Amino acid sequence: MSLTSLTSLDVTGFYALLRREVLRFVRRPRNTFVPPFITNVLYFSVFGVILGERIDEIAGVPYILFILPGLIVLGAVSNAFENASFSIFHGRWNRYIEEALTSPLSYSSMVGAYVLSSATRGVLVGALVALIGAFFTSVGVARPFYLVAFMLVITLLFAGLGVVGGLWADDFDDLTMMNQFILRPLVFFGGVFYSLNEIPETFQQASLLNPMVYMVNGVRYGFLGVTEVDPNLSLGVLTALTLGVVGLNVVLFRRGYGLTD
Amino acid sequence: MASAIEIRDLTKSYGDVRALDGVDLDVPEGSFFGLLGPNGAGKTTFINILVGLVRKTGGEASVFGYDVEDDYREARDRIGLAPQEFNVDRFFPIREVLEHKAGYHGIPHDEARERADEVLKRVGIYDKRDTRFDWLSGGMKRRFMLARALITDPDLLILDEPTAGVDVQLRHELWETIVDLNDSGTTILLTTHYIEEAERLCDEVAILDSGSVIEVASPEELMDRGTDDIVVQLRDPPTAVPDFAADDDRVEAVELDGTRLVVTAQQGGLVAPDVVQALDRQGHEIVDLEISRTSLEEVFVEMTRRGEGRATAEVDQ
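Listed in order, the protein sequences are those of chains A and B.
The working numbering numbers the first residue of the first sequence as 1 and each following residue consecutively.
The working numbering numbers the first residue of the second sequence as 1001 and each following residue consecutively.
Source of the hints: derived by calculation from the structure; they are not laboratory data.
Warning: the hint list may mix true and false statements.
Partial selection, computed: residues in chain B whose CB lies under 10 Å from chain A [what the hints assert, rightly or not]:
(1) S1003
(2) E1006
(3) R1008
(4) I1079
(5) V1088
(6) F1092
(7) P1108
So, partial list: chain A residues that the calculated Cβ filter (under 8 Å) puts toward chain B [claimed, not checked]:
(8) L6
(9) L9
(10) P104
(11) S108
(12) R143
(13) P144
(14) A206
The calculated label-pair distances, taken between Cβ atoms and stated as ranges, are [stated by the list, open to error]:
(15) A:N94 / B:E1029: 52 to 62 Å
(16) B:T1011 / A:G247: 29 to 39 Å
(17) A:T7 / B:R1293: 47 to 57 Å
(18) B:R1122 / A:L23: 20 to 30 Å
(19) A:N210 / B:D1009: 45 to 55 Å
(20) A:A240 / B:Y1014: 31 to 41 Å
(21) B:D1134 / A:D173: 18 to 28 Å
(22) B:E1302 / A:R27: 52 to 62 Å
(23) B:R1055 / A:V148: 35 to 45 Å
(24) B:A1217 / A:R95: 45 to 55 Å
The structure displayed is predicted, hence computed values, not measured ones.
Each residue gets a CB set at the ideal place from its N, CA and C atoms; glycine is no exception.
Work out the full structure: start from the sequences and follow the hints.
In structure tokens, the structure reads:
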């Protein structure tokens, strides 16, 4: 087969797998979009409106507006991660991932389709959270470039991590464990609901080891134009991390980790 | 004739367990090739190495000249696989599952849809095109597995127990479809527990036992190696058992039960005229004669039993 026909096959094949992955979550809104909708309506109602009225402004913005970027990050990264890990693991569990694995699709195209589709779900959920937020408060975008760049990078990064999780998991409990015991603590201690300046110095330093801090601050910078860490540095580090994780995905697929005997 | 599958010294180990132990095999292009063997012989491992679901430990495997690991994309594009275990995407109706599978092989969406309809009609489940796999009956599921293997118009069709658990009528329908494909030039690799299936369909069979190929031959050649029974019904019972074995070393045993004489011999069809002439010379009147040929199943059982014997002897040593 010539290089041209292999490339053409890869483009069509990549699109077919991407389409399949996107249709999978789009056709099941009760599992994919309704839960974050309900959760975020509750978050904005309780933390934003009920508690928010009793909390002072942070960095010059009302509390409900301060938590909005964090909630968007929370929804976006957890959905990107969950989509990739579930889709890969479920495909392995029921063995239908073999439909793609036994095809002539290149490993990088397979990884590309899984990562991009999962990042798409993350971005869509992020947009959904922003829309919900707009019902509760006035939302503006101070730095559109940074907002888009951070949203893309963080959803791609967590989609890539989700691929690793989906390949690593041995049963459904492993998926739950990754989401509940690793992802959520990182998000909640990532400055979604509080400012780093409000916590003791020791915890501030410890927080800087949490990658989520940089993501939340990056998106917050995009919306509000205020940040507690340098957005360019954050973006650079997160981009490098994303490229590393996606590269790892391709290596794992090529080696058949979790996929072949 | 060029080889569709070429295997040299192929090995696969799982820890201390040797699933494939130095397999050498050539499957000619355009042939209908059977892979027979008892459970655990290594048949599915062999197939999964070809399609990339199992990594070989050693040796070489190629499909139409393409190495299954180095040139995996070219090799996989030529293979259609209908595995024994169902591994179908449960999220989508079966027509869409076929469209996706075709897409992974580089077939554009519109053409994929046309092909999906075509293969669903071919296997007779077009009216179920909007149904999800889980809601199909057992027979329909088997039909779908064949349809999915055919959607990419493969040069090599691998069928792992394609008729397991289906009724007789469907089995015959599936056989007809597979034979048509082979007639039109598709190479078929079939594994089956139904020896009758291999006997009826295959040009050549390989018998795999404990990870090794112990024989490759046509079903006829294998059956010729077994013994046949020449059953002769005489008018009157003879006073003594005729000693055919003394004159013909192809004869292995002679048994007499009243007027019923059973001569067990290799190449029974060739021995039978001699038996008739000898009985005639001895003055016996023959009422009926029947030659019961050995079946491939009997040869298969005998060969794999010998394999068990070898394995036991090796363990004893």
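Against the structure, the hints:
Contact between B:S1003 and chain A, as hinted, is not supported at the beta carbon level, the nearest pair being about 18 Å apart and thus beyond 10 Å. Evaluation of the B:E1006 hint against chain A yields a violated restraint, the C-beta minimum of about 18 Å exceeding 10 Å. Evaluation of the B:R1008 hint against chain A yields a violated restraint, the C-beta minimum of about 21 Å exceeding 10 Å. With a cut of 10 Å, the hint placing B:I1079 at the interface with chain A holds, because the nearest CB-to-CB distance is about 7 Å.
Interface hint at B:V1088: satisfied, since its Cβ lies 6 Å from the closest Cβ of chain A, which is below the 10 Å cut-off. For B:F1092, the suggested interface contact is upheld, since its CB lies about 7 Å from the closest CB of chain A, less than 10 Å. For B:P1108, the suggested interface contact is upheld, since its CB lies about 6 Å from the closest CB of chain A, less than 10 Å. Interface restraint check: A:L6 against chain B, minimum CB-CB distance 6 Å, threshold 8 Å, status holds.
With 8 Å as the threshold, the beta carbon of A:L9 comes within range of chain B, its nearest partner Cβ sitting at about 3 Å, so the hint holds. Against a cut-off of 8 Å between C-beta atoms, the interface hint on A:P104 holds, since the closest Cβ of chain B lies about 4 Å away. The criterion of a C-beta within 8 Å of any C-beta in chain B is not met by A:S108, whose closest approach is roughly 12 Å, and the hint is violated. Nearest Cβ of chain B to the Cβ of A:R143: about 39 Å, over the 8 Å cut. The hint is violated.
Interface hint at A:P144: violated, since its Cβ lies 34 Å from the closest Cβ of chain B, which is beyond the 8 Å cut-off. Because the beta carbon of A:A206 sits about 42 Å from the nearest beta carbon in chain B, more than 8 Å, this interface hint is broken. Between A:N94 and B:E1029 the C-beta distance comes to about 34 Å, which lies outside the given range of 52 to 62 Å. A beta carbon spacing of about 31 Å between B:T1011 and A:G247 agrees with the range 29 to 39 Å that was offered as a hint.
Taken as a hint, the range 47 to 57 Å holds for the pair A:T7 and B:R1293, whose Cβ atoms sit roughly 56 Å apart. For the hinted restraint 20 to 30 Å between B:R1122 and A:L23, the CB-CB distance of approximately 26 Å keeps it satisfied. At roughly 53 Å, the beta carbons of A:N210 and B:D1009 sit within the given window of 45 to 55 Å. The supplied range of 31 to 41 Å is met by A:A240 and B:Y1014, whose beta-carbon atoms lie about 39 Å from each other.
At roughly 24 Å, the beta carbons of B:D1134 and A:D173 sit within the given window of 18 to 28 Å. Here the CB-CB span from B:E1302 to A:R27 is close to 55 Å, well matched to the stated 52 to 62 Å. Under the hint 35 to 45 Å, the C-beta atoms of B:R1055 and A:V148, about 41 Å apart, fit the expected range. For the pair B:A1217 and A:R95, the beta carbons lie near 34 Å from each other, so the given range of 45 to 55 Å is not met.
Checked against the numbered hints given earlier, this structure breaks hints 1, 2, 3, 11, 12, 13, 14, 15 and 24; the rest are met.
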